[in-house]
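Here's the letter readout for the chains.
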Amino acid sequence: MLKRAMIVVLALGLCGTAAWAYKEHREKEAVLLNAESTYQRAFHDLAYRVDLLHDEIGNTLAMNSRKSLSPALAEVWRLTSEAHADVGQLPLSLLPFHKTEEFLTDIGNFSYRTAVRDLDKEPLSDKEYASLKKLYGQSADIQDQLRGVQNNVLKHNLRWMDVERALAQGKETKDNTIIDGFKTVERTVKGYDNADLNSPSFTSFQNRDDHYEHLEGKMISKKQAVATVKQYAGVKTARKAEAKPNQKGARFSFYTVRLKDKNGHETTADVTRKGGYPVWFFNKRPVGKQKISLNGAQKKAADFLNRHHFEKMDMFESTQYDNVGVFSFAAKQGNVRIYPETVKLKVALDNGQVIGFVADDFLKSHQKRDIPKPAISEKEARARVNPKLDIMESRLAIMTGDMNREVLCYEFLGVLHDETYRIYINAENGNEEKVEKLKNTERAYGKSI
Amino acid sequence: MSQAVYGEARGEPYEGQVAVAAVILNRIDSPSFPNTISGVIFEPGAFTCVSDGQIWLAPNDTAKKAVLDAINGWDPSGNALYYFNPATATSKWIWSRPQIKRIGKHIFCK
Chain A
1 MLKRAMIVVL ALGLCGTAAW AYKEHREKEA VLLNAESTYQ RAFHDLAYRV DLLHDEIGNT
61 LAMNSRKSLS PALAEVWRLT SEAHADVGQL PLSLLPFHKT EEFLTDIGNF SYRTAVRDLD
121 KEPLSDKEYA SLKKLYGQSA DIQDQLRGVQ NNVLKHNLRW MDVERALAQG KETKDNTIID
181 GFKTVERTVK GYDNADLNSP SFTSFQNRDD HYEHLEGKMI SKKQAVATVK QYAGVKTARK
241 AEAKPNQKGA RFSFYTVRLK DKNGHETTAD VTRKGGYPVW FFNKRPVGKQ KISLNGAQKK
301 AADFLNRHHF EKMDMFESTQ YDNVGVFSFA AKQGNVRIYP ETVKLKVALD NGQVIGFVAD
361 DFLKSHQKRD IPKPAISEKE ARARVNPKLD IMESRLAIMT GDMNREVLCY EFLGVLHDET
421 YRIYINAENG NEEKVEKLKN TERAYGKSI
Chain B
1 MSQAVYGEAR GEPYEGQVAV AAVILNRIDS PSFPNTISGV IFEPGAFTCV SDGQIWLAPN
61 DTAKKAVLDA INGWDPSGNA LYYFNPATAT SKWIWSRPQI KRIGKHIFCK
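Chains A and B, in that order, give the protein sequences.
Note that this note's numbering gives residue 341 to position 341 of the first sequence, counting from 1, and the numbers run on in steps of one.
Note that this note's numbering gives residue 109 to position 109 of the second sequence, counting from 1, and the numbers run on in steps of one.
Since the hints were made in silico from the structure, they are not lab data.
Each statement offered as a hint is correct.
In silico DSS-like pairs for lysine-lysine, Cα to Cα no more than 25 Å straight-line:
(1) A:Lys248 to A:Lys223
(2) B:Lys92 to A:Lys99
(3) A:Lys434 to A:Lys121
(4) A:Lys248 to B:Lys92
(5) A:Lys183 to B:Lys92
(6) A:Lys332 to A:Lys312
(7) A:Lys300 to A:Lys289
(8) A:Lys260 to B:Lys105
(9) A:Lys240 to B:Lys105
(10) A:Lys218 to A:Lys248
(11) B:Lys110 to A:Lys99
(12) A:Lys236 to A:Lys289
(13) A:Lys388 to A:Lys434
(14) A:Lys289 to A:Lys260
(15) A:Lys134 to A:Lys67
(16) A:Lys223 to A:Lys274
(17) B:Lys110 to A:Lys274
(18) B:Lys110 to A:Lys248
(19) A:Lys284 to A:Lys223
(20) A:Lys190 to B:Lys92
(21) B:Lys105 to A:Lys244
(22) A:Lys244 to B:Lys110
(23) A:Lys437 to A:Lys379
(24) A:Lys260 to A:Lys236
(25) A:Lys248 to B:Lys105
(26) A:Lys284 to A:Lys244
(27) A:Lys121 to A:Lys67
(28) A:Lys437 to A:Lys332
(29) A:Lys222 to A:Lys262
(30) A:Lys262 to A:Lys236
(31) A:Lys222 to A:Lys260
(32) A:Lys222 to B:Lys105
(33) A:Lys190 to B:Lys110
(34) B:Lys110 to A:Lys183
(35) B:Lys105 to A:Lys284
Because the structure is a prediction, the values reported are computed rather than measured.
The task is simple: from the sequences and hints, build the whole structure.
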């Protein structure tokens, strides 16, 4: 009797477990299918958009009038950005697919530039037309290859989840149609030479020197690097100090310096080896209760800059986070503010010490500039500003405009509907280069960032 | 974004956390990556903390401050686009990238 009861109980238990396992299995399947569908969607979207892209580039080739060309180019631009987003949703991060993404970005930038241009005044040049024609051919290749992959995916019911697994396990030798297909696309794009898409007249950051080649000064030693950081960070005696050189892939040579002051608080910094300029530093000490105002801290920041040969800089932005003030300063040449040359400082509001500093932008772009005389007067520029704006401040400034060109502008700071805006009017032709809404001075930590 | 930094780099030195945030921002600027913060973070397989769910941990104040500093322009990574932990990295490919520097347990590379 007991035996039979046991059998019944165990059998019921087994059924229960089986039912539970089946349910779990179904749920897992559902989740996997869901993920698979998102991948499939991104993939087919990509194939479709590259299709459209090819057609649309073809259309622009056939067009002649500005009226139809500009919207068509804008459409190309939109399609490239969507295709780019599709690529970003596929599990390809372990597969080098960057050339294809860059290719899409290049087409996008090219079409954007030409779409926003006034094509009546400045029609497509022969060279640009040739580039467009080349892009048409190239996009056809990619379209073909993607279609091939798509065909295989549909015919053999291939799953992206398998691709993801294969890539994650590093078994790339295994025959995988999708992976092979994407590799072929990447190889094809690698063969393209689209240097002319970024012809010199459009070069971005023409005045920027990412490798800090123009920096003056001698190569410094590790010891000198430590001394520089001590001096900048205001650490008199260091309990521990070390300087490590950069590795091979860096864009310029630097030392990373780490100091421990007598209280055990750490300061870290990067210092260029040539000239010994600090690129950034952090003093990681905890900051106590606020004792000085943001205004007081600003003076401390300005003093700090003066002491360290960053003279004549204008403060243009200040923010407070907890007990730390963050200030941005821009360089000045004559009476022109140079926005590309900025440094930022963090000032502790307990005692006014500078606990953070970054000069990357400044070091990249600092130079003596030939600033042209403005072709229009400030009054003329003012007339170009939205008349509803209540102007509080104005000055001449060099800023980075569209396509990353440096432009001499009249800058107007004004208020409209309780919001502060910075508006730049090109000092040469009166175009409105940029309108910027300023953030509120204080931002709460509670907001998600 | 601070969740991603916390999930990826808690326990790393402060500048290591700022560097991870800076890598996310550098990727947005790069033509080979998506153009939004969430696009970069949720790119499949891009960040391990997304794959293993650690991104959903509540971030601490340090991670938030690190993100703010990165947004304000501090980039201790030296313009890196990738980083990896040599002890746990599974991909061979990542070793082929030119390395810039090491912060804590992470190697940052181009």
